[in-house]
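Student: Listed below, chain by chain, are the residues.
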Amino acid sequence: MAVAVETLRPHHTIWGDALIRLRRNRLAVVGVTFILLLALGAMLVPYVSPYPWDRQNYNIILQNPSWAHPFGTDNLGRDVITRLLYGARTSLQVGIFTQIIVVLVGIPIGAIAAAAGGRMDNIIMRFVDVMYAFPDLLLIILVRAILGPSIYMLFLAIGLVAWVNVARLVRGQILSLKQRDFITAARAMGASGPYITLRHLLPNSIGPVIVVLTFNVPRAIFAEAALSYIGIGANTPSWGTMIRDGYEVIFAAPHLVAFPALAVGILMLSFTFLGDGLRDALDPRLRR
Amino acid sequence: MTALLQVRNLSTYFHTQDGVVKAVDGVYYEVAKGETIALVGESGCGKTVSALSILRLIPEPPGKIVSGEVLFEGTDLLKLSQEEMRKVRGAEIAMIFQEPMTSLNPVLTIGRQISEALELHQQMTKQDAYKEALRLLELVGIPQAERRARDYPHQFSGGMRQRVMIAMAISCRPKLLIADEPTTAVDVTIQAQLLELVRGITRELGTSLILITHNLGVVARYARRVYVMYAGRIVEHGTAQAVYHDPQHPYTVGLLSSVPRLDEPRKTHLSTIEGQPPDLIFPPSGCPFHPRCAYAIPKCSKDRPELMEVEPAHYSACWVALQKPTPWKKIS
Numbered sequence: 001m002a003v004a005v006e007t008l009r010p011h012h013t014i015w016g017d018a019l020i021r022l023r024r025n026r027l028a029v030v031g032v033t034f035i036l037l038l039a040l041g042a043m044l045v046p047y048v049s050p051y052p053w054d055r056q057n058y059n060i061i062l063q064n065p066s067w068a069h070p071f072g073t074d075n076l077g078r079d080v081i082t083r084l085l086y087g088a089r090t091s092l093q094v095g096i097f098t099q100i101i102v103v104l105v106g107i108p109i110g111a112i113a114a115a116a117g118g119r120m121d122n123i124i125m126r127f128v129d130v131m132y133a134f135p136d137l138l139l140i141i142l143v144r145a146i147l148g149p150s151i152y153m154l155f156l157a158i159g160l161v162a163w164v165n166v167a168r169l170v171r172g173q174i175l176s177l178k179q180r181d182f183i184t185a186a187r188a189m190g191a192s193g194p195y196i197t198l199r200h201l202l203p204n205s206i207g208p209v210i211v212v213l214t215f216n217v218p219r220a221i222f223a224e225a226a227l228s229y230i231g232i233g234a235n236t237p238s239w240g241t242m243i244r245d246g247y248e249v250i251f252a253a254p255h256l257v258a259f260p261a262l263a264v265g266i267l268m269l270s271f272t273f274l275g276d277g278l279r280d281a282l283d284p285r286l287r288r
Numbered sequence: 001m002t003a004l005l006q007v008r009n010l011s012t013y014f015h016t017q018d019g020v021v022k023a024v025d026g027v028y029y030e031v032a033k034g035e036t037i038a039l040v041g042e043s044g045c046g047k048t049v050s051a052l053s054i055l056r057l058i059p060e061p062p063g064k065i066v067s068g069e070v071l072f073e074g075t076d077l078l079k080l081s082q083e084e085m086r087k088v089r090g091a092e093i094a095m096i097f098q099e100p101m102t103s104l105n106p107v108l109t110i111g112r113q114i115s116e117a118l119e120l121h122q123q124m125t126k127q128d129a130y131k132e133a134l135r136l137l138e139l140v141g142i143p144q145a146e147r148r149a150r151d152y153p154h155q156f157s158g159g160m161r162q163r164v165m166i167a168m169a170i171s172c173r174p175k176l177l178i179a180d181e182p183t184t185a186v187d188v189t190i191q192a193q194l195l196e197l198v199r200g201i202t203r204e205l206g207t208s209l210i211l212i213t214h215n216l217g218v219v220a221r222y223a224r225r226v227y228v229m230y231a232g233r234i235v236e237h238g239t240a241q242a243v244y245h246d247p248q249h250p251y252t253v254g255l256l257s258s259v260p261r262l263d264e265p266r267k268t269h270l271s272t273i274e275g276q277p278p279d280l281i282f283p284p285s286g287c288p289f290h291p292r293c294a295y296a297i298p299k300c301s302k303d304r305p306e307l308m309e310v311e312p313a314h315y316s317a318c319w320v321a322l323q324k325p326t327p328w329k330k331i332s
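Protein chains in written order, with our numbering: chain A, 1 to 288; chain B, 1 to 332.
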């Protein structure tokens, strides 16, 4: 029987579509959930935990996990789970703030190089090559030495080594998009160069950039942990610092290394799952 | 009759690794106000390049417009600055592209893409431009325009997208519309609808139209005059009627006889033009068509024929066409 057919499909924007596809990806959902829970824990820990992160109690050093201290205590008698959640603040901040720097530096430089073309492109990209070839660790140590030990300088240092990938990606994206018919069509309608770059080229290249940024986050987190491990990282609680401190007593209290190491691993994995999910969700060829 | 656009001796070359490709080599044509002309020829004969050259959209390098004039209302477009040229594109001369599937920006809604040109050229406010975009969508026959304007290109079929392209092209009421094989990418039933739509709109607005096509059936119905291109040159030019019924160039004869016809007894083979289009880096000596020509005489391989008036108002670049009667038979 012919009923009045509902011809109107639900209306989705491109981002709405991507969100729907992201939600279908179980691993990505798990990753996002873990990240959000960790962020929530990091925000609420001062109000929830009965222990400040720096309270030392020499009566209970190196205790194994118990009801009072679910993840045990460290060699100064500090509560490990509290410190882990404070460390999550550092890790998440590093992950996010470095990517803001990457976005602010990498995208404009890549876009300018690709849009200008010719000699300008060549000069910019050779500079990017130099930055790319420069040893990351050396640059970070240099920046830390010059700019001081503040955590914001750590973000800056890690951000300054990470933007080159994004600049290259944006440039490549725009160079290939430039050949597409709709760009010629936009030019035939009288659009100017900068207008085409901002309105047509950049929005079309943003999908892969988001994916790369998401994959960059775990690398930044790992970089921070590694720097803290060798002692030039954060001076607030950090998973890298905790691993280093725990390493000294690894046989007496293996949980001091195990928990922060697990935390680094799971958080990195979560962002990787999220990045994977985003890549699939933002790829229009996989539209179903 | 005053000419709106005059293309004179236009040459566009591409500098490639293997040599200079003379994609367009000394082309002349003109369009009067409100007139529709057709540019016909095989793939790769320079039709699209000559159209892109008018708008100066040739990618440079490797391409370069090496000589000629493109007079639009008396102004040579090739001498304008980039800024002045931008004001011509879209507002005075607009173009409909061949591939509707890839000629729309996938991340902008249909409504935004149409209103874009209006904001650029007519300094309309966003709201006014959007309203106008909706009106244009209705004009080109998109149902539920208000709703569909919020859709993205991937939600449109090929024919619908070409309608959107038409709406974009006419949004600023250009004086000249260039339609570059507007119907090759859509199926036959849609082709006719789209062409009727374009014809209706150009008539209503008094817009001139350059129809680039390889479909001779289309030419007969829509164009008043026809320019036949071969190897980057115009080889024949006349009214559609004359070119159809009394072709004066063996290439045109070949094109016409390779159109499949329903009213003829079924043949086992379609007739084709033997051979390949010439290499545009090393074109053959003399007439570029002589290696494929069934009527070639010794002179054809030595001297290159220029466009000559072989009948009143009917031009051909062929030595053989000067002989009367011509060796090929008239097509009725």
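I should point out that these hints are in silico values taken from the structure, not numbers from a laboratory. Glycine included, C-beta positions come from ideal geometry on N, C-alpha and C. Incorrect hints may have been included.
[What the hints assert, rightly or not] Here are the computed lysine-lysine pairs in the DSSO-like style, where the Cα-Cα straight-line distance is at most 30 Å:
1. LYS324/B x LYS302/B
2. LYS64/B x LYS302/B
3. LYS87/B x LYS178/A
4. LYS302/B x LYS178/A
5. LYS175/B x LYS126/B
6. LYS64/B x LYS178/A
7. LYS79/B x LYS64/B
8. LYS87/B x LYS64/B
9. LYS178/A x LYS79/B
10. LYS64/B x LYS175/B
11. LYS178/A x LYS324/B
[Stated by the list, open to error] Chain A stretches covered by chain B per the calculated footprint, using a threshold of three residues with CB under 8 Å from any CB of chain B:
12. 183-190
13. 197-205
Student: Failing hints, ascending?
Tutor: As far as the earlier hints go, 4, 11 are violated by this structure, in ascending order.
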